[in-house]
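Novice: Letter by letter, the chains look like this.
There are 2 protein chains.
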Amino acid sequence: MTVKRTEIADLGEFGLIKELTKEFQQSIDTLKGVGDDAAVIKFNKENALISTDFLIENIHFDLAYTPLKHLGYKAAIVNFSDIYAMNGTPKHITVSIAISNRFSVEALKEIYNGIQIACEKYNVDLIGGDTTTSEKGLIISITVIGEANQQEIVYRNGAKEGDMIAVTGNLGAAYMGLQILQREKAVFIENPELQPELNEDNSYLIQRFLKPEAQKGVIEYFKNEGIKPNAMMDISDGLSSELFHICTQSGVGAEIEERFIPIEELTFNESMKMNIDPSVSALNGGEDYELLFTFDKKYMEKIIENENITVIGEIKSKDKGIKLKSKGNNLYDMKAQGWICF
Amino acid sequence: MTVKRTEIADLGEFGLIKELTKEFQQSIDTLKGVGDDAAVIKFNKENALISTDFLIENIHFDLAYTPLKHLGYKAAIVNFSDIYAMNGTPKHITVSIAISNRFSVEALKEIYNGIQIACEKYNVDLIGGDTTTSEKGLIISITVIGEANQQEIVYRNGAKEGDMIAVTGNLGAAYMGLQILQREKAVFIENPELQPELNEDNSYLIQRFLKPEAQKGVIEYFKNEGIKPNAMMDISDGLSSELFHICTQSGVGAEIEERFIPIEELTFNESMKMNIDPSVSALNGGEDYELLFTFDKKYMEKIIENENITVIGEIKSKDKGIKLKSKGNNLYDMKAQGWICF
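Chains as they are written, first to last, in my numbering: chain W, 20 to 361; chain C, 20 to 361.
Simulated from the structure, these hints should not be mistaken for lab results. One thing to keep in mind: the hints can contain errors.
You can't tell identical chains apart in this list, so a pair holds if it fits in one copy or across any two.
[Stated by the list, open to error] As a list, the in silico EDC-like pairs of lysine to aspartate or glutamate whose alpha-carbon atoms are at most 16 angstroms apart:
#, residue 1, residue 2
1, 337, 244
2, 64, 48
3, 337, 125
4, 61, 171
5, 140, 244
6, 316, 180
7, 316, 244
8, 317, 296
9, 316, 154
Could you put together the complete structure from these sequences and hints?
Specialist: Below is the structure:
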């Protein structure tokens, strides 16, 4: 098979941006996208929500097991997730990419293709960006712009004593997906002739890591049902770490029950196989991009009917600390062992 | 002299962001800055303007002659400039920085200090960002958010036949500043014991390169006088390159007169000393962050009274091409020799 390779220098910066963004659709709220000093957008709600993320090769991702299209998709999704975590709607993104000359135009197109698929799925417009050379490796910087009415916005600091604590979906799957990918990479480095041990069971876990989704459906469910959480954030660094943020910023304590933490059977089995306590995968794993939120008990009846949401504990007064009740009914102090960048 | 060096690992990511942003003031339009999944801002005008830029060590800047505080200042200014170039007002920025561990917390603080000075001078709020490790070098990604009413916005594609063409300030100074810095770096590499030849004359040129300003005053002048340009952009890649953008996007031609191009005496003299045609410095130099705009002749009387603005030519029909009338009254085809990244 011959793969086409166009050098970036052949297109020039302006030709390149045009080539990369030509397939992107734009909504009527984008008055001007790529091609001027700045993009021009219109808001239909009172407030704009802004979040930004860096993704750096060998720090945040490993191209040994990350297809470029998945990388583009995930880069967009993790930013959308930050806006949903405020109970808002992502509307626009800018994408800046720096690459060394080991990458071809076709490689860049793969990344943009992944971003485009994410944008179409979540109704977000690409409105601008910057493409430049790097001295080393691939660097992606994305800024997302969302909108929300002021009374809809949910912050991290609004948790109240007596609130219930809930999470969406299930936890620890992305972490186990990463463990499988790292194991297969290590095996491949040892012996490049061995075929990777990737089967249907672990393809779910790998997909959770490589191609996560943002929780659009949950935010729409809140709106339809008239539910407003008191505090919310997305689980990027792990449940423990995020719960610490909510409690610290809200000035409260919390107690969650280990037996309620939602863990998929596949995650549980793979954890056991690798001698990792499944609860540790769920508590400290990270990158699931599920939502952690606290809500007033008056919504309890509605919330428990939603199969995608699991109530895992309760907000306590600050002096109670942040506790995990184990399956054996012992209370342990929780630790904020998220993923630390430095 | 002992310079304090705090390792970034000593603070952790959250401590670091807190430490770096604690001195920044925020206006009432920033409802939530750093510290949640996203920042929350409020607009007083109809539209938001968004622009984003990457600054990468050894591609866009050279730390051999760029003080970190200046780097932070310039990184903010070049983004503000993009918003003024749309005839809008910059209001908020996000700053993401990736650094290798050769940098200390004190080095990061210098960069943020420069950004802070720029934000205070231009009334812009820092609302968020990301700080992470890089494999190599220093990488800064800034996104700026501005505002404007729809009828105020000036695009690149609005130039009309018969419009006058004007620029603010003077051109080529930043380019000559860069030439001086590169010459002194080369001399230093040859012989580290030689003192740099930096005198008062060239300190103006160096400052134009290291610490440019954005054209806030000109945009305020337009508003006060009821002037709306037909097309505008900022001069980051050089006058020729930017004029080509305006003409191509507007579907028009242009003729500018060499003798009208505003060149400071210091720029002129330094160009002559280095055997560079001063007009070439002005036409192709770039990084001056002055504004290039076209306007209806009805504003001519007002415009010529403004000492900071120079009329340099006229928009022609497309078939006339893009021409430079030389001092000897010959017509030459202009070339779009801006600064090309790839």
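Novice: Give a verdict on every hint.
Specialist: Taking the hints in turn, this is what the structure says about them:
no.	hint	result
1	337 - 244	neither (30 angstroms within a copy, 58 angstroms between copies)
2	64 - 48	both (12 angstroms within a copy, 15 angstroms between copies)
3	337 - 125	neither (54 angstroms within a copy, 35 angstroms between copies)
4	61 - 171	between (19 angstroms within a copy, 14 angstroms between copies)
5	140 - 244	neither (23 angstroms within a copy, 46 angstroms between copies)
6	316 - 180	within (11 angstroms within a copy, 67 angstroms between copies)
7	316 - 244	within (15 angstroms within a copy, 58 angstroms between copies)
8	317 - 296	neither (34 angstroms within a copy, 76 angstroms between copies)
9	316 - 154	neither (53 angstroms within a copy, 47 angstroms between copies)
Figure legend: structure checked against the earlier numbered hints; hints not met, in rising order: 1, 3, 5, 8 and 9.
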